[in-house]
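Engineer: Residue-level listing of the chains:
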Amino acid sequence: MIGNFIGVLFDGIAYGSLLFIISIGLSVTMGLMNFVNLAHGAFAMVGGYACVLAMSRLGVPFLATLPLAFIVSAAVGAVLERTLYRRLYRATHLDQVLFSIGLVFISIAATTYAFGSQQQPVQLPSFLRGQVHVLGLDLGTYRLFLIAVVVVVTLALTWLIEFTRFGAQIRASVDNQQAAAGLGVNVERVFSLTFALGSGLAGLGGGLGIDVLGLEPTFPLKYMVYFLLVVAVGGAGTITGPLVAALILGVFDVAGKYYVPQVGSFIIYVLMVVMLILFPRGLMGRRV
Amino acid sequence: MSGLTTQRWSPYEMAFWLLPVAAFFIFPKYLTLGSQILITGMFALSLDLILGYARILSLGQAAFFGVGAYTAGLLAKYGWTEPLSGLLVAAVVAALLGLVTSFLVVRGQDLTRLMVTMGIGLMLYEAANQATSITGGVDGLSGIEMGKIFGVFGFGMDGRTAYIYALCVLFVVFCILRVVVRSPFGLSLRGIREGERRMPAIGASVPRKLIAVYTMGACVAGIAGALLAQTTQFVGIDTLGFPRSAELMIMLVLGGTGYLYGALIGAAVFMITQDYLSNLNPVYWQFWLGLLLVLIVMFARGGILGGLLALRRRASRPA
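As given, the protein sequences belong to chains A and B, one line each in that order.
In terms of our numbering, the first sequence is numbered consecutively and its last residue is 595.
In terms of our numbering, the second sequence is numbered consecutively and its last residue is 331.
Since the hints were made in silico from the structure, they are not lab data.
Bear in mind that the values here come from a model prediction, so they are computed numbers and not experimental data.
No residue lacks a Cβ here, since even glycine has one placed at the ideal position from N, Cα and C.
Check before you lean on any hint, since a few could be wrong.
[Stated by the list, open to error] Which bits of chain A does chain B cover? Going by a derived footprint, with three or more residues having C-beta under 8 Å, they are:
1. 389 to 402
2. 575 to 587
[To be verified] With a Cα cut of at most 20 Å, we get these calculated EDC-like pairs of lysine to aspartate or glutamate:
3. LYS529/A with GLU138/B
4. LYS529/A with ASP250/B
5. LYS221/B with GLU206/B
6. LYS160/B with GLU94/B
7. LYS564/A with GLU138/B
Based on the provided sequences and hints, a complete structural model is requested.
Structural biologist: Structure, rendered in structure tokens:
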């Protein structure tokens, strides 16, 4: 029973880590640019498809496709930011919502047209399959790998934001755009780079998540709520907020589906509404 | 701004309402599509009320539509087949749900509201999906037998009764909403839309007005859902689905927010285009829909009606 519980907890944490890595970019763009971007999942999907195609068509090994997923998604994100997103930073939230829903629809239709509507398979390398024994528990190797990757990425991200010049520019722009611009920070460039970085991380998460979340054209719509939830509950513009929110969400979702499967996703939605009522600005939110 | 609060009907409005009447005689083969448009138009009105007038971002309006539909459907299925009272009960149930949830919605800002409305919608969808013994789950609620309106007009296969019924209900609801948005209450909603923080300064209670308008929107959405259940004698689980809420927002923005007529025009254009294009290929339809949204946001913020009004202003201005 206890082992069972720890197993569920472990799966939940792995699931939550995945949600975190996909959503963190969204948190930054919402905190930095105050942009309600419902199309964030589309960047994760781009990464996932980059992974699958590189593996099946070019024979690239799985681990090598992950950086590729990052690069492709970051490039797509940078192009869209330059051409479309940028024009809507000052638009109303309604316009942003409509625009990004439009992007979601376009991405679903375009993906269906190009690759069909079926689930895309992923062949994990043998050393990531199976289970390992740790302290008498059977833990899935791939889930351990997921958690490890997310820990590394989170540390790298924290270092980037807390200890580098670029990170200082991001923090300054989040706190006060005008003052940052007045001090010589090229806010526009910070926006572009951050957006690309966030999209890239989503793409990396999309590639990592094929085995857990699946990959098909409706991916951006299917998980949209989850990504938004991580940011809305965690609070935009921070790293720790979304991390905590993603872990809570992951554990509750997995536990709920394991212990009370007849209720399905209901638990998550109740949790979400309750959390939003208790913390209208997010767990760690700092902006109104 | 002199016409802001006048209750008089302009010739354009009267001409507009002749269109659905004319359509009844000109397109007798498309009456089923016609009633769908009328019902969807009423649903879009409910969103216009809360989004166009009070600027509450909602992606969960289908919750009330679905609740109205299931209420009317279940009533009829278990013996209460009189349509008008069924409509009324569905309206009350949806309004109650709106009232209860409005307290959650009013608290937050745009993103929180978006998430809470979406969350409530998803919750109801899951509930209906799981409670298969009541709602029929994914198979939908069938076996609905409707009685005759006033005991005289039965719902036949040709869809004539359904069309006239939907049109009459829509017109009555529209007239009520038209009075509401031109009343002092409607003006204060616009005040909230334009400057939420300043409204308390002139003595208006913002949360109370938002709760009132949200409940009203829920009620109208419930009536629309009930109409769909009664005229099609079937309730599918998609009445509660997220795509319905998202498409609703698209229709409204396509037509133009904050005029009431924009909702009706948007619904009609959307439904007719969808009927035409999705017969060709559903995937393409989704693509064009997405592209349309992006283009509206980039180049045509006012929607169809906003564009027409701008044209008229330009034409009437002395050269």
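Engineer: With reference to the structure, classify each hint as holding or not holding.
Structural biologist: Hints versus structure:
1. Only when three residues or more bring their CB closer than 8 Å to a CB of chain B does the claim for the stretch 389 to 402 of chain A stand; here the count is 7, and the claim holds.
2. Coverage of the stretch 575 to 587 of chain A by chain B holds in this model, with 7 residues showing a Cβ closer than 8 Å to a Cβ of that chain against a need of three.
3. Between LYS529/A and GLU138/B the CA atoms are separated by roughly 14 Å; this keeps the pair inside 20 Å, and the hint holds.
4. With a C-alpha separation of about 15 Å, the suggested pair LYS529/A and ASP250/B falls inside the 20 Å cut-off, and the hint holds.
5. Note on LYS221/B and GLU206/B: the hinted pairing holds, with a Cα-Cα distance of about 14 Å set against a maximum of 20 Å.
6. Among the hinted pairs, LYS160/B with GLU94/B is consistent with the structure: their alpha-carbon atoms are about 7 Å apart, no more than 20 Å.
7. Taken as a hint, the LYS564/A and GLU138/B pair is honoured in the structure, with Cα atoms around 13 Å apart against an allowance of 20 Å.
This entry satisfies every hint, going by the numbered hints stated previously.
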